[in-house]
Amino acid sequence: MAKKILYIAGREAGYTRTYNIVKALQLNNYQLKTILPPDRSFKHYPSLLKQFYKWRNWSDLIIVGFYGQLILPFVWLLSRRPILYDVYISTFDTMVYDRRKASSKSIKGFIYWLSDVLSMKMARMILLETDDHIRDYSKKFHIAASKFRRLFLPVDEKLIFPQKADKKNSNFWVHFHGEYAPFHGAKYIIQAANKLRKKRVKFRIIGTGITYNQDRGLANKLKLNNIDFIERVPYAGLARYMANADVCLGIFGDNPRTLRVLTNKVIEALAVRKPLISAKNVPVQELLEDEKSALLIERASPDALANAILRLKENPELREKIADAGYAVYLKNCTLDIFSKRLKKIIEEMLNV
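The opening position of the sequence shown corresponds to residue 4 in my numbering, with each subsequent residue numbered one higher.
A couple of the hints might just be wrong.
What the hints assert, rightly or not - Here are the simulated DSS-like pairs of lysine-lysine, each with C-alpha atoms no more than 27 Å apart in a straight line: (1) K324 <-> K202; (2) K7 <-> K57; (3) K161 <-> K142; (4) K53 <-> K108.
The set of hints was computed from the structure by calculation and includes no laboratory data. Owing to the predicted nature of the structure, the values given are computational and were not obtained by experimental measurement.
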């Protein structure tokens, strides 16, 4: 009989990480019960926990997804089933280094740190996307490295896949999408666009978020006419925009979190077979090699980004080579099918199957 999995998370079904975990569990034919909110608001958490209480003893295994720091302690108190924790993002890193809501030495910073520590200690096993991430979390939060399992970020190939471009002009298009988190470094993309305003290079930036108003203000101040800003697109339609680009961008921020993350947008660029430019960090280099499967550049440098874009613009052979090599990396490591098989092995390890 198929094992019973109860999955509870603080983000809605359409959120990328939630979608990928649920889809992977479905591919493995588990008996699955999901407890998810209708949107990202914290106001739904009491309702989630009320539903969890009803189902707390139904499953063989509980998976707590993002954002789990507020959910997992209650799950641990209410049920003695083994817990697999898809931690995904650290509260401490996000609030201290990215959003700068507190210093690392403040009482508030300590509370953020403690929320990460307690939630991870209560889990039997923890998922993270890179070995670098695991080393960092193990040291920073005093969690045994043996509790972690690496699971590269996936992309559902039915939603994000290579498509033929339908470009209608001769401009060279550069694509970025994201939630304008500080570690994304959107301001450096805008500054690079300013340097390339006379080079027939056009930028398309999709999304909204923390630094959106500030970054739009910078673009207005520079009077840029080579950037198209689009606030939202359905995830299923994202591949169409990427298909019409010549280059896709990763992250370029100047804060410590930029050094610690891989991010979905990197994997999505590989999945649509487009050449990727991103900041060089250890997590990205667990998958990609500079000059072969991506161009990895100095972070927080508009000059480095502008030069990399021009290099790819002027060298179509290099664009094709990097796109093909990146796509091969994706097929080997990051399809949803591979993700689901690796997740199944982790679940079987926890349940001693």
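Please name the hints from earlier in the document that this structure breaks, with their numbers sorted from lowest to highest. The structure breaks hints 3 and 4; every other hint is satisfied.
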